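Undergrad: What follows is the residue order along each chain.
2 protein chains.
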Amino acid sequence: MFESAEVGHQISREEYKTRVPALREGLLAAQYQLLESAKFPVILIVGGVDGAGKGETVNLFNEWMDPRHIQTHGFGNPTDEERQRPPMWRFWRALPPKGRIGMLFGSWYTQPVVDRVCGNTSRSDLIASIEEIRDFEQMLVTEGALVVKLWFHLSKKAQRQRLKDLESDPKTRWRVTETDWERFKNYDKFRKVSEYTLRETSTDSAPWMVIEGNDPYYRYLTAGTILLNALTRRLAQPPKAPTPISLLPMPALDSRNVLNTLDYTQKLGRKVYEEQLEIWQGRLNLLLRDKRFASRSLVAVFEGQDAAGKGGSIRRITAALDARRYKVIPVAAPTDEERAKPWLWRFWRHLPMKGQVTLYDRSWYGRVLVERVEKFATEADWMRAYQEINNFEEQLVRNDIVVVKFWLAITKDEQLKRFREREEVSFKNHKITPDDWRNRRKWKAYETAVCDMVAHTSTENSPWTLVPSNDVEHARIVVLRTICEAIEASFNR
Amino acid sequence: MFESAEVGHQISREEYKTRVPALREGLLAAQYQLLESAKFPVILIVGGVDGAGKGETVNLFNEWMDPRHIQTHGFGNPTDEERQRPPMWRFWRALPPKGRIGMLFGSWYTQPVVDRVCGNTSRSDLIASIEEIRDFEQMLVTEGALVVKLWFHLSKKAQRQRLKDLESDPKTRWRVTETDWERFKNYDKFRKVSEYTLRETSTDSAPWMVIEGNDPYYRYLTAGTILLNALTRRLAQPPKAPTPISLLPMPALDSRNVLNTLDYTQKLGRKVYEEQLEIWQGRLNLLLRDKRFASRSLVAVFEGQDAAGKGGSIRRITAALDARRYKVIPVAAPTDEERAKPWLWRFWRHLPMKGQVTLYDRSWYGRVLVERVEKFATEADWMRAYQEINNFEEQLVRNDIVVVKFWLAITKDEQLKRFREREEVSFKNHKITPDDWRNRRKWKAYETAVCDMVAHTSTENSPWTLVPSNDVEHARIVVLRTICEAIEASFNR
Numbered sequence: 077m078f079e080s081a082e083v084g085h086q087i088s089r090e091e092y093k094t095r096v097p098a099l100r101e102g103l104l105a106a107q108y109q110l111l112e113s114a115k116f117p118v119i120l121i122v123g124g125v126d127g128a129g130k131g132e133t134v135n136l137f138n139e140w141m142d143p144r145h146i147q148t149h150g151f152g153n154p155t156d157e158e159r160q161r162p163p164m165w166r167f168w169r170a171l172p173p174k175g176r177i178g179m180l181f182g183s184w185y186t187q188p189v190v191d192r193v194c195g196n197t198s199r200s201d202l203i204a205s206i207e208e209i210r211d212f213e214q215m216l217v218t219e220g221a222l223v224v225k226l227w228f229h230l231s232k233k234a235q236r237q238r239l240k241d242l243e244s245d246p247k248t249r250w251r252v253t254e255t256d257w258e259r260f261k262n263y264d265k266f267r268k269v270s271e272y273t274l275r276e277t278s279t280d281s282a283p284w285m286v287i288e289g290n291d292p293y294y295r296y297l298t299a300g301t302i303l304l305n306a307l308t309r310r311l312a313q314p315p316k317a318p319t320p321i322s323l324l325p326m327p328a329l330d331s332r333n334v335l336n337t338l339d340y341t342q343k344l345g346r347k348v349y350e351e352q353l354e355i356w357q358g359r360l361n362l363l364l365r366d367k368r369f370a371s372r373s374l375v376a377v378f379e380g381q382d383a384a385g386k387g388g389s390i391r392r393i394t395a396a397l398d399a400r401r402y403k404v405i406p407v408a409a410p411t412d413e414e415r416a417k418p419w420l421w422r423f424w425r426h427l428p429m430k431g432q433v434t435l436y437d438r439s440w441y442g443r444v445l446v447e448r449v450e451k452f453a454t455e456a457d458w459m460r461a462y463q464e465i466n467n468f469e470e471q472l473v474r475n476d477i478v479v480v481k482f483w484l485a486i487t488k489d490e491q492l493k494r495f496r497e498r499e500e501v502s503f504k505n506h507k508i509t510p511d512d513w514r515n516r517r518k519w520k521a522y523e524t525a526v527c528d529m530v531a532h533t534s535t536e537n538s539p540w541t542l543v544p545s546n547d548v549e550h551a552r553i554v555v556l557r558t559i560c561e562a563i564e565a566s567f568n569r
Numbered sequence: 077m078f079e080s081a082e083v084g085h086q087i088s089r090e091e092y093k094t095r096v097p098a099l100r101e102g103l104l105a106a107q108y109q110l111l112e113s114a115k116f117p118v119i120l121i122v123g124g125v126d127g128a129g130k131g132e133t134v135n136l137f138n139e140w141m142d143p144r145h146i147q148t149h150g151f152g153n154p155t156d157e158e159r160q161r162p163p164m165w166r167f168w169r170a171l172p173p174k175g176r177i178g179m180l181f182g183s184w185y186t187q188p189v190v191d192r193v194c195g196n197t198s199r200s201d202l203i204a205s206i207e208e209i210r211d212f213e214q215m216l217v218t219e220g221a222l223v224v225k226l227w228f229h230l231s232k233k234a235q236r237q238r239l240k241d242l243e244s245d246p247k248t249r250w251r252v253t254e255t256d257w258e259r260f261k262n263y264d265k266f267r268k269v270s271e272y273t274l275r276e277t278s279t280d281s282a283p284w285m286v287i288e289g290n291d292p293y294y295r296y297l298t299a300g301t302i303l304l305n306a307l308t309r310r311l312a313q314p315p316k317a318p319t320p321i322s323l324l325p326m327p328a329l330d331s332r333n334v335l336n337t338l339d340y341t342q343k344l345g346r347k348v349y350e351e352q353l354e355i356w357q358g359r360l361n362l363l364l365r366d367k368r369f370a371s372r373s374l375v376a377v378f379e380g381q382d383a384a385g386k387g388g389s390i391r392r393i394t395a396a397l398d399a400r401r402y403k404v405i406p407v408a409a410p411t412d413e414e415r416a417k418p419w420l421w422r423f424w425r426h427l428p429m430k431g432q433v434t435l436y437d438r439s440w441y442g443r444v445l446v447e448r449v450e451k452f453a454t455e456a457d458w459m460r461a462y463q464e465i466n467n468f469e470e471q472l473v474r475n476d477i478v479v480v481k482f483w484l485a486i487t488k489d490e491q492l493k494r495f496r497e498r499e500e501v502s503f504k505n506h507k508i509t510p511d512d513w514r515n516r517r518k519w520k521a522y523e524t525a526v527c528d529m530v531a532h533t534s535t536e537n538s539p540w541t542l543v544p545s546n547d548v549e550h551a552r553i554v555v556l557r558t559i560c561e562a563i564e565a566s567f568n569r
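Those protein sequence lines, which keep their order, are chains C and U.
Quick note, the first sequence lines up with residues 77 to 569 if you use the working numbering.
Quick note, the second sequence lines up with residues 77 to 569 if you use the working numbering.
Don't take every hint at face value.
The list makes no distinction among identical chains, and a pair is therefore deemed to hold if it is satisfied within one copy or across any two copies.
As a list, the in silico DSS-like pairs of lysine-lysine whose alpha-carbon atoms are at most 30 Å apart [to be verified]:
| id | residue 1 | residue 2 |
| --- | --- | --- |
| 1 | 174 | 403 |
| 2 | 232 | 493 |
| 3 | 343 | 233 |
| 4 | 403 | 115 |
| 5 | 268 | 247 |
| 6 | 247 | 343 |
Keep in mind that the hints were calculated from the coordinates and are not lab data.
It should be emphasised that the depicted structure is a prediction, and the values quoted were computed from it without experimental measurement.
Using the sequences and the hints given, assemble the complete structure.
TA: The structure is reproduced here in structure tokens:
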């Protein structure tokens, strides 16, 4: 991939001077059109060889365009808040909102490549990382992002010369550090690993553009033109018509399903409940204080029909926990900062650190439940969500996050009983809204959505636990026990 | 302060059962009114003696009200992202938005009290912390927040008994840890220090409420009633009419001021500029890589008339920096998440970690400049802002953040020249908007605001640097040099 970036490309000063004004004008106009429409974010990844002009190009872009709408991120060593979460967390954190340009120096490519070059990881680790990157970039593109990936290249000879030149001038000597020479020693390995990585991640929707970095006029003009073309093309794209999905999930022909075959008659009785409650709360508390939990964390998802008892179950858990350990995240309408990011962003931001717990009161599954049923999401959107969710949860599990997911299931009659009770008791009637009655009329559609969700997202690593909840006490104990057992199982992995 | 919480308060089970429904109903109604109006946040601080029912009360509040609109925060050891910023950063981070209730377990009181009890700090350190807390809470209240501070108390005898009782029951044994007994040894010291702290921070706008924690019925009912009363009173408060300030700053009678006495004729010339630029950029780069900078950070504020050259100056700085080291924060209209917090929140969130740099392109000074001139802020708001800003910057400086603040000053004629030029050059005319012309017509009002700003906020620790910028090259060098010198000075402190 690098041969064509070693041919000694260059542009004369005159040609550069002649062409720059139109380029700047074009970039600015495109940037403003992007800003005003605020339809999608631009993610510009800047990678390549040291000394090939990465930094200078980013500086120039900031000069050519309006820097107030450009976010430049450099990624150094991760902080502990970052280290204690899945590796992609810090990049989710840095994603630009719709309408803005994010320039990323170093990116999700840096660590996998560097680790492989230094021999910290195996070839199969690199392949796994590449797989993850492809999924991630695919998600960004599907969410509308324009992903532009620039690789600034220098031949070995050119890089040596470049570092020497900088060093020999007292005014630019500071630009060259020992680390630069350190890294230069690994040139061949670095070239090989990055060539492979670029090749494997150069997809149709997010191809790599390799730029020879030797001649500043050539590289600036080329980088600017690539960005302008990409922006222009993307801005001219008509909004995607929702593509109908050819094959949708289909309810079973005998209409038996995972919900209507649950045993809703299970019941505990007050006395047993209170005993069990103390036992499991105590056990949970001790498990979280166990040394082994210090390198793990817990994500628990609570979904269920309205009035199924999500809140009550959550409170039975938090009652057993130190407030410093947990966060409860009630999922409601996204804020404008959240709406400007890919849809999973608002769940990523709340992931727990090591030793911590996040309880999601409703979750990312809204995408395939309410958003599907109410048609807030297109078929294409919720269909791809299954895969996006599985990828997401896989990352959690791979990073020692215990994932438990509860569907609290009640029967239609039981729901009616609870709605009526809520209407009657004064301090409960805030819990019942016209929305609840409306959702109830769509009982069947929700049931289908739940069954599809379970079919697609109940995986070995993060299975769904369907909890018959007509008896709230029974349900609460099942929830507590399931969490305890999941944590214990993680200790034995 | 604690005597009245050691008299053996108690409420009978019957009375409790009778009174709770009305209390719940009241709390819920108030919570919903709060949510719908979204006029102010509620900050509930829960402190006190271990075993006095802090956690249980918070759990109960979550049961009595709608927990989806309550944010519960426990503060354990700070993360490195928190440790590397001023101590208050983590609390700013946790402030609830308008319309919500934030329940804080542990708070800005914990560390000062614990440090003093353990003898890590002196009495005068504690006094300084208390001063800081009072300023902070005053700011919250002035910003509209309802601050409710509950202290759960137990006498020494009662605490010992409580810990023993919990321990003797196998089902609750897990609730008592070694740390609890450890801390019990310090009971007397803890009592003394917290009594002093409570007394000093019990202000009219945010008084402490001490609750005897022995009898659960008493403490629940009392805590609930306090919260309900506070909510009800605050919700009933009419919106504050802007109080006219009796004494506003006044322009000097001879109309000489810090701006019109600057020497705008200073000029560098291209050659000197280019030499100086490389020198100072190199010096800055080395200073940031100096080991001593690893325990410091830099905040640079750029303000100035439209077209004074803020962006250009900022780019001359970033050109010298590694992208991993700095963030540029362009200050524009706040997002809805930002609008729901006290006004300084959106600046706190971007403070640099150790070894890092944040460049603010416009800043918190907007409060006393554009918001004053355009009357977006009331007189009372911008007048109090001087003090709030000084408190803020004092915290930065005290925590080894080097603060530099630039006012890039140009003359009215020079601005006109630049506006015209911007209109003529195609890739510059995005930089000129009708707003710029409008602001220009208010030149005098802005000048007054700038002079007042300098008078009130140019402090020994974070002075303003007024930079005559008719010659952009001269200005850029002054900016670079000032930053270098400020960092060097910090090394000698």
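Undergrad: Now tell me if each hint is right for this structure.
TA: Cross-check of the supplied hints:
For the identical chains of this complex, residue 174 and residue 403 are neighbours both inside a copy (28 Å) and across copies (19 Å), given an alpha-carbon limit of 30 Å. Taking the shortest Cα distances, residue 232 and residue 493 never come within 30 Å of each other, neither inside one copy (76 Å) nor across copies (49 Å). Taking the closest pair of Cα atoms, residue 343 and residue 233 never come within 30 Å of each other, the shortest separation being 77 Å inside a single copy and 42 Å across copies. Proximity of residue 403 to residue 115 under the C-alpha cut-off of 30 Å is restricted to the inter-copy arrangement: shortest distance 25 Å between copies versus 32 Å within a copy.
Proximity of residue 268 and residue 247 under a CA criterion of 30 Å is satisfied in neither setting, with 33 Å inside one chain copy and 61 Å between copies. With identical chains, the CA atoms of residue 247 and residue 343 are at most 30 Å apart between copies only, with a shortest distance of 22 Å across copies and 80 Å within one.
Violated hints, in rising order: 2, 3 and 5; the structure is consistent with all others.
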